[in-house]
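Protein chains: 2
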Amino acid sequence: MADTLSTVPAPPDLSPPDLSSWSCPLPLRDHPRVVMGHGGGGVMSAELIENLFLPAFGGAPADGLGDSAVLDLGGARLAFSTDSYVVRPLFFPGGSIGDLAVNGTVNDLAMSGARPAVLSCAVILEEGVETAVVGRIAQAMGDAARAAGVRIVTGDTKVVESGHGDGVYINTAGIGLVPPGIDIGPHRARPGDVVIVSGGIGLHGVAIMSMREGLEFGVEIASDSAPLGGLVQALLAAVPGVHALRDPTRGGLAASVNEIAAASGTGVVLQEGAVPVPPEVANACSVLGLDPLYVANEGKLVAFVARPDAEAALAALRAHPLGADATVIGECVGEHPGMVVARTTFGGTRVVDLPLGEQLPRIC
Amino acid sequence: MADTLSTVPAPPDLSPPDLSSWSCPLPLRDHPRVVMGHGGGGVMSAELIENLFLPAFGGAPADGLGDSAVLDLGGARLAFSTDSYVVRPLFFPGGSIGDLAVNGTVNDLAMSGARPAVLSCAVILEEGVETAVVGRIAQAMGDAARAAGVRIVTGDTKVVESGHGDGVYINTAGIGLVPPGIDIGPHRARPGDVVIVSGGIGLHGVAIMSMREGLEFGVEIASDSAPLGGLVQALLAAVPGVHALRDPTRGGLAASVNEIAAASGTGVVLQEGAVPVPPEVANACSVLGLDPLYVANEGKLVAFVARPDAEAALAALRAHPLGADATVIGECVGEHPGMVVARTTFGGTRVVDLPLGEQLPRIC
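Sequences listed follow chains A and B, in order.
Residue numbers for the first sequence follow our numbering, beginning at 7 and rising by one.
Residue numbers for the second sequence follow our numbering, beginning at 7 and rising by one.
Simulated from the structure, these hints should not be mistaken for laboratory data.
All figures in this text were calculated on a predicted structure; none of them were measured in a lab.
Think of the CB as a built atom: it goes at the ideal place given N, C-alpha and C, for glycine as much as any other residue.
Just to be clear, a hint being listed does not mean it is correct.
To be verified - Pulled a few chain A residues facing chain B out of the computed Cβ check, cut under 10 Å:
1. 59
2. 83
3. 158
4. 178
5. 281
What the hints assert, rightly or not - Stretches of chain A that chain B covers, calculated by requiring three or more beta carbons in the stretch to come under 8 Å of a beta carbon on chain B:
6. 48-56
7. 97-103
8. 115-129
Please work from the sequences and hints to get the whole structure.
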């Protein structure tokens, strides 16, 4: 979807809404049991991680929680990331759990500026799943790895009894190499940064939801599952000083932008009318009652760059097939630190908060 | 359990049994559906990996499938490994799924000679599991990581609906640094090598099985779950030229020795009477009808070293608390390449083959 913003927009009118009395609407701290929302990539996921895992593991890293950890090991600067994939159905328009498991981890590595190099593959199979299904998924993983330029070098296979899994769960972890001079992280966004998205949002989530619910919207909506390593390298070649990158998967663009706002302590203002929403996504979202800002993507990125770099960043993204529809959707401000607001097309302002739980469970 | 072999045994009498007509007793190639045995770490697991995953991923590495992949990246020589943990019950005498998930991957890294450095942690939680259970497991992971000298640096949390998991599944992947000059791999074993095990076998598997079946054997049998990085570094300091290392987990000592025999094309003769089996394990195995050679361990290693290095290797292992009961259990021979046989205490010979499927499902 092409947008009409070919240049960086003028700073929007900023009269922030009164947010002083806003607070989390639900009491979440005392969940005695895990609920689906804990896996949604929103507030509840963050609570589980921050209150339970991080203290046990020895605290959060000083530079915040990115999509990858970046560390120096044996003289190399490495990015290291992991994700488990529990998407259902296993096959959907535009992809499968197999290519998702490769692209998802490749993209997490790429968001630290790394060149993805190798992946691991660990599967948990449910007793009774057809071996032909496992074979198709393995083939999709191999094909996706070759397309992304990475090798799957180590793996593991476990089987659980029927009724204790859901066909196939896949974990991939990955290692990438961060080139010298690259320093990308959610904490590096700052007031004045321009927010860019690489293309139309919401395709992956709507594709899964349509398939799962047996809905049709006139045209088949295909997932945007794609490896973003090449797009990121093209962007970094033009703008080595990119501040922050995210691939907006679970929780969608809203979650990614909120995480960067929170980690950096900057406010973000999105221009709602500038966010590229493909017509089929807009149509499906209106039927399903979803907000496209919260719907998962698997082949898009959001970039925070200093304003003087914005034109070069846009040009570099648009010159790549996976970034042809890149566009500016907002900017960072000094007001309301850590909070994201959207200017609506009618001139109003609304808070775009981190989702609580999940709109669409088991999307990836 | 101390053994009585303080020196390397003389070569055993080798008149190999007639094995020319031996073949796999069950037709396995045409499983249309996954069965529990595909996750047992034996013949069926190998078939799934070799016939299905490896062709899709682009073939096996030239140096065989070790517990870790070893690769050069950015000038560093890295070991990279992954395992998913689906053990039940989640807590058992001597440990939990949490410390198992740390020790298991730390040990896989250590078996390539690497110093384990960092881990990822990805959990798949089942809706409804108590958050306090998740908290105890996270704490066990953090404690185990500190004990092993590794950091958990990146993670992921997914939730699946009740009835599609089993409380908690954990994947860990890990990266270690392989010191210069170390070249350890299953393909490097050769005739004349001595086979050493670091201590009494079978404790982990028997601990899990006893707990699961509600059996008692007079004394509580605790898992041997432990991190082996320090033990391996002590061994390598004494004998840098160790040929092959494995931690005999799923499939036990029999599977580990078979994998090394197959990868190296050497024959292996084990002295059954020399294999250290703690009395409580022997007792439990006789009640449960298990062969201790096939029972999982989580804190033991098997080492293949050249005969001139055997005394130094034994001394180094025995000087470490986790290797105090190290002992020689066999040797590599030129006969029956790729096959493992055991000399029984009565002077007979039996084939110790790779297990087909699982004796004990979901042991790790």
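Evaluated hints:
no. : hint    : in the structure
1   : 59      : holds (5 Å)
2   : 83      : holds (7 Å)
3   : 158     : holds (5 Å)
4   : 178     : holds (8 Å)
5   : 281     : violated (27 Å)
6   : 48-56   : holds (count 3)
7   : 97-103  : violated (count 0)
8   : 115-129 : holds (count 6)
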